[in-house]
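A.B. asks: Residue numbers (the numbering used here), protein chains in the order written: chain Z, 1 to 349; chain L, 1 to 349; chain Y, 1 to 349.
Because the hints were derived from the structure by calculation, they are not lab data. Among these hints, one or two may not hold up.
One copy or two, either will do: identical chains are not told apart, so a pair holds if it fits within one copy or between any two.
As the list claims (entries may be wrong) - Cross-link-like lysine-lysine pairs, in silico, DSS-like; alpha carbons within 30 Å at most: (1) K199 - K340; (2) K265 - K199; (3) K347 - K321; (4) K199 - K321; (5) K27 - K337; (6) K265 - K340; (7) K341 - K27; (8) K341 - K265; (9) K265 - K321; (10) K27 - K199.
These numbers come from a predicted model, not from an experiment.
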Amino acid sequence: MEEKARLSPTLAEIVARLGGELVGDPKVAISGVGAIDSAQPGDITFVAANRYGSRLTSTRAAAVVLSAAHREATSLPRIVTDNPYLYFARIAQLFHPAAPPVPGVHGTALVAASAQVHSSACIGPYAYVGEGATIGSAALIGYGCHVGDNSHVGAATRLVANVTIYPGCRLGERVLVHAGVVVGADGFGIAWSGERWEKIPQIGGVTIGDDVEIGANSTIDRGALEDTIIEEGVKLDNQIQVGHNVRIGAHTAIAGCVGIAGSAKIGQFCRIGGAAGILGHLEICDHVTVSAFTLVTKSITRPGTYTGGLPHMRHEEWLEKAAQFRRLDDIVARLQKLEKKFTDREKRN
Amino acid sequence: MEEKARLSPTLAEIVARLGGELVGDPKVAISGVGAIDSAQPGDITFVAANRYGSRLTSTRAAAVVLSAAHREATSLPRIVTDNPYLYFARIAQLFHPAAPPVPGVHGTALVAASAQVHSSACIGPYAYVGEGATIGSAALIGYGCHVGDNSHVGAATRLVANVTIYPGCRLGERVLVHAGVVVGADGFGIAWSGERWEKIPQIGGVTIGDDVEIGANSTIDRGALEDTIIEEGVKLDNQIQVGHNVRIGAHTAIAGCVGIAGSAKIGQFCRIGGAAGILGHLEICDHVTVSAFTLVTKSITRPGTYTGGLPHMRHEEWLEKAAQFRRLDDIVARLQKLEKKFTDREKRN
Amino acid sequence: MEEKARLSPTLAEIVARLGGELVGDPKVAISGVGAIDSAQPGDITFVAANRYGSRLTSTRAAAVVLSAAHREATSLPRIVTDNPYLYFARIAQLFHPAAPPVPGVHGTALVAASAQVHSSACIGPYAYVGEGATIGSAALIGYGCHVGDNSHVGAATRLVANVTIYPGCRLGERVLVHAGVVVGADGFGIAWSGERWEKIPQIGGVTIGDDVEIGANSTIDRGALEDTIIEEGVKLDNQIQVGHNVRIGAHTAIAGCVGIAGSAKIGQFCRIGGAAGILGHLEICDHVTVSAFTLVTKSITRPGTYTGGLPHMRHEEWLEKAAQFRRLDDIVARLQKLEKKFTDREKRN
């Protein structure tokens, strides 16, 4: 998204800044980053897995980041490092830093009288900042974003566009909120009266820690009585649903389309695969990996990987398996019958 | 979301209004509601399940709502009732009523010449009301909401923010539509020409009954020829997809991330768990519960609970089970072979 | 959505334009299209499947589109054709053409100085067109839509409302983008440093071909280094998530709530059922059908239908089956034991 910076550091300068071992001409100037197959002359690229190895000979890149295992796989100038993917991320950050927003309140933005907006913040076109809301330094309230009454947006936090923050929510510093995100809508709190559903007012808020990223069109509900909490460094992909009173531990990463039901507690350093479902009122401990498409039905108390989604099959094969699955009790009954017959026979003999 | 009302009824006044049996000092004044662990002095809290029982001794709440089973579990002033959760919901409504919007059309709102807006309705900043649209009394068209031509928004219905209502949709009274909801987008109607997909114009509308709630970023498609219909009292959580010509019966509640394919009919008083999927052109009768993560593949004609999502396992265990699932036909074949051998042997003996 | 055109072609005129065999009075005038049960006098309806056959006698429609198999099922004027569904789609298009937008830039729209907007395009209320962006002829940038810097919107493409296009994205011609869609948000690119996640700047774009339709609240992420690509004629339903660097082949149709992980390549002419999940870094060849609720875990190299979602059962039955599924290894072990016993015995005999 950011304008490409006009800088061309040498490999020597890059290694001086980011570490790693330089093999080849230290004076080679790098003007950008690129994928191995589409890199332009002057770009630096990377090799993170064995399967890229054979494409190293055809790349037009000026230099490569790779691990010791690939050290001799190319004669290009190269940086050898333990974690080429991370190293490349840092080079890319160098060339594409998150630009601070241009300070000021756009003429079409609406800022309530009692709101406090830092002078270095940017309130974009058609944005709205409610009564008692506070906007930190170098924060961006982008086009068409709504910050409700008494909400807080921390320093250097960016709401990209068409984001809705309900009243009474707190976002930390350097949070990145993508377009279409909704923070603080009512949790799904209803009580059955015997005749109809009655609404349980949702009077908790949402607290989001520093350095969180929230993907496009994700939704994070406010708590019923206490806050929904996303701890620092959590990374959420697109279209994730976080129910009321959920707590997500620091540095947990969650892939797209995951649904987390109310009051679930997810630990720190967890990784949740795409379209997984987490039932409510359970706890997942730290350092748990949940595979894509997995339904977590009860608490997980030991670190490790947990899985539940059946892989695809040819449709005809699937029909057969699904039918046999439905007849599993018949299979067990037949097995028991055979076992009994055998035991009876053995007794007789 | 609502400003806390400045009222402090006594327990006697609460019981006079909402019923229940009062045990303890009737003159205790209540200033708010709180969760058992975080209630402030002056708050009333509740106990709905056995697991909260032991935390009753440490709560700072001034009073508790509980069932007869917990009657003697505390010496705090308390209200005994059959359904503490529902009772607490009603107290919470008392303290946090849905405030009627401030009447008027914001200076930045755009209201078409032929639209009819009730004088007690509120049209918020950057909102849009199209030609021929009608907005009922005390309705709220919130910040950045779009009401298409010839659509109708009933009395006391609230569109919170960034909601899009396409033309030709009808919303009943006291409907609550959360941020990012889209009502009336085209259903997924395409016909294959042999070379490419051709669009089937979606010329039906959407009809939404009274007292419906629609969670953030949910989408309800317009009908192909006739209307998509959500009956009164239906409660939809966030990120639910309702296909064209679906009908959802009155007082059905649907949890987050559910997808309902075109022309499915769901009965009244149903409960659909999170991330369930309902295939198209089928019917679910009244009083059906569908568990989370369940795929409904054909009509359900008897009330009851239906389930389909496999629970998570440790990954290694799962790999084993998934492999055995793939070999179910082998298991059945081996079983048949053994059975035949046994029968042959029995015949011989 | 479109205003009903005031035209009343005769059956003879329709057949002259769209083909098919006319049975009955060619001078019958048709004023609209309708479903078989709710058609108004003057409407034309259709029968695409056997189950509608018996309702042909009660319809109020003036004429029917049907296949040769139903030719004699009614005495109404009728058009006989190989593909009644497609034929009806084309008649509906006749009565409900996508109206070209009214040219002009609304007074509240913001168009950057260096943007190029074709004189026949419509920039709606509160819309935004960024620096260097280009908007083609007869394109519609609807209410509250945001087109980022240097993005391109092709001729006759329509962004309905509250759509966010990030900078550097390209949309082809006649693309229809429904409300709440987000195109070009950052892909989920993060690298683990050992202590925290570091962001990998997402510097690729999004390229969308001609005649694509994107359903409400869907999200299409920008590429990490190269573009995410949606080829021509692709039809996406609502709430679909397309990860970074995904490629979707021409004329593929994808139903609602599908999630596609990063770098997956989907072929041409595929059909993906609702709520399916496609893992990342795999390839699906052309002409593949994936059933609803199916998890695709590895590449598919042969055309055909693939399935993975277990159908719902009564809850009690499901509990039994799920328990037996968990004991599949026990079943296999018992089977092996029996087989061995039997073999041992046969050897002894």
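A.B. asks: Indicate, hint by hint, whether the structure satisfies it.
C.D. replies: Hint-by-hint comparison with the structure:
1. K199 - K340: neither (57 Å within a copy, 62 Å between copies)
2. K265 - K199: For K265 and K199, both the intra-copy (24 Å) and inter-copy (25 Å) Cα distances are at most 30 Å.
3. K347 - K321: The answer is neither: 36 Å in one copy and 32 Å across copies each exceed 30 Å.
4. K199 - K321: So K199 and K321 fail the 30 Å test inside a copy (44 Å) and across (37 Å) alike.
5. K27 - K337: Neither. Shortest intra-copy (79 Å) and inter-copy (70 Å) distances fail the 30 Å Cα cut-off.
6. K265 - K340: Close neither inside one copy (47 Å) nor across copies (48 Å); limit 30 Å.
7. K341 - K27: Neither, since 82 Å and 75 Å both go past 30 Å.
8. K341 - K265: neither (50 Å within a copy, 50 Å between copies)
9. K265 - K321: between (35 Å within a copy, 28 Å between copies)
10. K27 - K199: For K27 and K199, the Cα distance is within 30 Å only across copies (28 Å; inside one copy 67 Å).
Checked against the numbered hints listed earlier, the structure breaks hints 1, 3, 4, 5, 6, 7 and 8; every other hint is satisfied.
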